[in-house]
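Participant: Please model the complete structure; the sequences and the hints are all you need to start from.
Residue numbers (the working numbering), protein chains in the order written: chain B, 69 to 396; chain G, 92 to 445.
Everything labelled a hint here was simulated from the structure, so no lab data went into it. Beta carbons are placed, not taken as given, at the ideal position from N, Cα and C, and that holds for glycine.
To give a feel for the contact side, a few chain B residues facing chain G, derived at Cβ under 8 Å:
1. P125
2. G133
3. V136
4. M138
5. I140
6. A174
7. H178
8. P309
9. E312
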Amino acid sequence: MTEMNMVEAINFTLKQEMEADDDILLLGEDIGKNGGVFRTTETLVETFGERRVVDTPLAESAIVGTAVGMAIRGLKPVAEIQFLGFIYETMDQISAQAARVRFRSAGSLHVPLVIRAPYSGGVKTPELHSDSLEALFMHSAGLKVIMPSTPRDAKGLLCAAINDPDPVLFFEPLKLYRGVREEVEEERFTIEIGKANVVKEGDDITLISWGAAMAETKKAVQLLEDSNFSIELIDLRTIVPLDEEIIVHSVEKTGRCVIVHEAVKSAGVGAEISAIINEKALFYLSAPVLRVTGFDSPYPVATVENDWIPNVNRIVNQIKQVWELSLN
Amino acid sequence: MNWIVQDKIDIVPVRRLNEQGELTEDTVLSENDQLRVYKWMVKARRFDELAVKFQRQGKIGTYAPLSGQEAAQVGSAFALEDEDWIFPSYREAAACFVRGAKVSSFFKYTMGHVHGGILKEEGIFPVQIIIGAQALHATGSAWADQYKKREGVSVAYFGDGATSQGDFHEALNFAGVFQVPVIYFVQNNQWAISVPYHKQTGSKSIAQKATAYGITGIQVDGNDAVAIYETMKQARSLAITGKPVLIEAITHRMGPHTTSDDPTKYRSLEDDKSWAEKDPILRFRKWLEKRDLWNEEQEKELIDSIDEELKQGYIDASEAPAASLEDALGHVYEKMTPRLLEQLSELEGREKGQ
Chain B
69 MTEMNMVEAI NFTLKQEMEA DDDILLLGED IGKNGGVFRT TETLVETFGE RRVVDTPLAE
129 SAIVGTAVGM AIRGLKPVAE IQFLGFIYET MDQISAQAAR VRFRSAGSLH VPLVIRAPYS
189 GGVKTPELHS DSLEALFMHS AGLKVIMPST PRDAKGLLCA AINDPDPVLF FEPLKLYRGV
249 REEVEEERFT IEIGKANVVK EGDDITLISW GAAMAETKKA VQLLEDSNFS IELIDLRTIV
309 PLDEEIIVHS VEKTGRCVIV HEAVKSAGVG AEISAIINEK ALFYLSAPVL RVTGFDSPYP
369 VATVENDWIP NVNRIVNQIK QVWELSLN
Chain G
92 MNWIVQDKID IVPVRRLNEQ GELTEDTVLS ENDQLRVYKW MVKARRFDEL AVKFQRQGKI
152 GTYAPLSGQE AAQVGSAFAL EDEDWIFPSY REAAACFVRG AKVSSFFKYT MGHVHGGILK
212 EEGIFPVQII IGAQALHATG SAWADQYKKR EGVSVAYFGD GATSQGDFHE ALNFAGVFQV
272 PVIYFVQNNQ WAISVPYHKQ TGSKSIAQKA TAYGITGIQV DGNDAVAIYE TMKQARSLAI
332 TGKPVLIEAI THRMGPHTTS DDPTKYRSLE DDKSWAEKDP ILRFRKWLEK RDLWNEEQEK
392 ELIDSIDEEL KQGYIDASEA PAASLEDALG HVYEKMTPRL LEQLSELEGR EKGQ
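Facilitator: This is the structure we're talking about:
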């Protein structure tokens, strides 16, 4: 076991996987000598050379489109998009190309590709550096979407993503890159894609969150526990496939649910979870499912971002609201 | 001041076989291969005419005709080796046939069959609909060959319209920087649906765009199968050593963009007539006939055997088991997700009347 933050865990995993499999290569902007703008690929070019750690021209569509071509011909590329907000530039290559190759070829070709990108607010980045865009990709059949919130999860899930035969989007909360340190196994291990983590069991309310929003959510849970609420906290970890079983099972137990995500509210992943609960656990509910989310605006300028992203107060207030609305 | 002046960029297309069927220089294409190229072109034309007819009769869905582009497609694909890969758009049936694609696969594709157009075994990537996207896939495929030290080139096929797309430029830029064994084969057929070449780009040629990216460019008479074959052969030798090539084949789409399009709305009969005189198949036939390598009787036998083969291809496609929704849902991920499994069982339940 070694204590690592998320950046170190990602760097460690990339190195470990590249040592295990020569077909893995990295490509992206500034990932070579610069080691990535967040240092996630630091020293890897010294270890593996420019053949396997490729500094590309500044072209997001080409990074992903070229990686799709590599993947169908037997490589396992890990592409980095420098900030998630820049992924719009490559929407076609992700949603219309990578996601559909298996379908288009009736299963004869596949794309074992990982696209890594940092996202999340609260760190005063310029425009389009912080956006949470997981819902866009949840809407594109054929992709998997992973959003870890801890160093250990990042390691286990990234290892699983690299060895997954389908295209995987791996979104890293830059707010949590260095904010948390924990003991992580050095040995290779995987965390199953599609399995949520019950961080804490509780009886009163199911609180569901993932990625960057887990930071404020955990703080809120601490405050609520002090006020004698028994919260069941679920970290989704994987957005696609979604662990419906754990969600439904938990809501059947608690009868109440609040979802916290940083992305805008409209047509967000929270809406999908709410719909699943409506379909599968309606009669267990004693209060409506509520959401704490970003507002329906573009991600705002730095001076107002702390009011925009779900903060402890808004989460606590929504939990109390659910409690007050409860039938029993 | 050293302005780069567009008018001073001098592009001379490669040409071997003129419209009268006269060859200007010797060719490396053997007599036997000349006959093979000719037969592929005739097959492509007959397939095209039949596919349009079948669409009109409601036997197949929307189809994108290729007539006029037989030399470009056959000549280029004929110059490739078994280990090479091609990344076609929806108008490249002729190139795919030369690579070994079955006629029935193409009919199945146009009939909306899940298993239509899957040609992995022939080194053919599934047909691309999004214009220009395959230029990047070919680049990555070439990269993978080079990385894994396999001998082979990857060829992206697309039209002049695709050269306006960002992916085209990003692909050429990557190729210039990383020097991978890739060939970009543009069939400049003069029209991107209804928009003519001169409204697609302000540059005098597509071939010259290669220069901006540090790769080799060449323009060739796209209705001259001999010139196309020889150019592609040389491009392959260059590409295999890590020198990417952009080939612009000047040709003409004789028919509509697809069976849903009406070209009389945007182009003149005179224009069509002048291009008809440049028909790639006629000039090749004249060339063969002048040297007694081909005659009327052989032509008739060829047409009969092609028609028989096409008919059989259609029958095979028609008799293929109907596609099911299960087929479709089963190819989204390697393993069906819990949600897809649930949706499939909902469907099965409905079919059982539950």
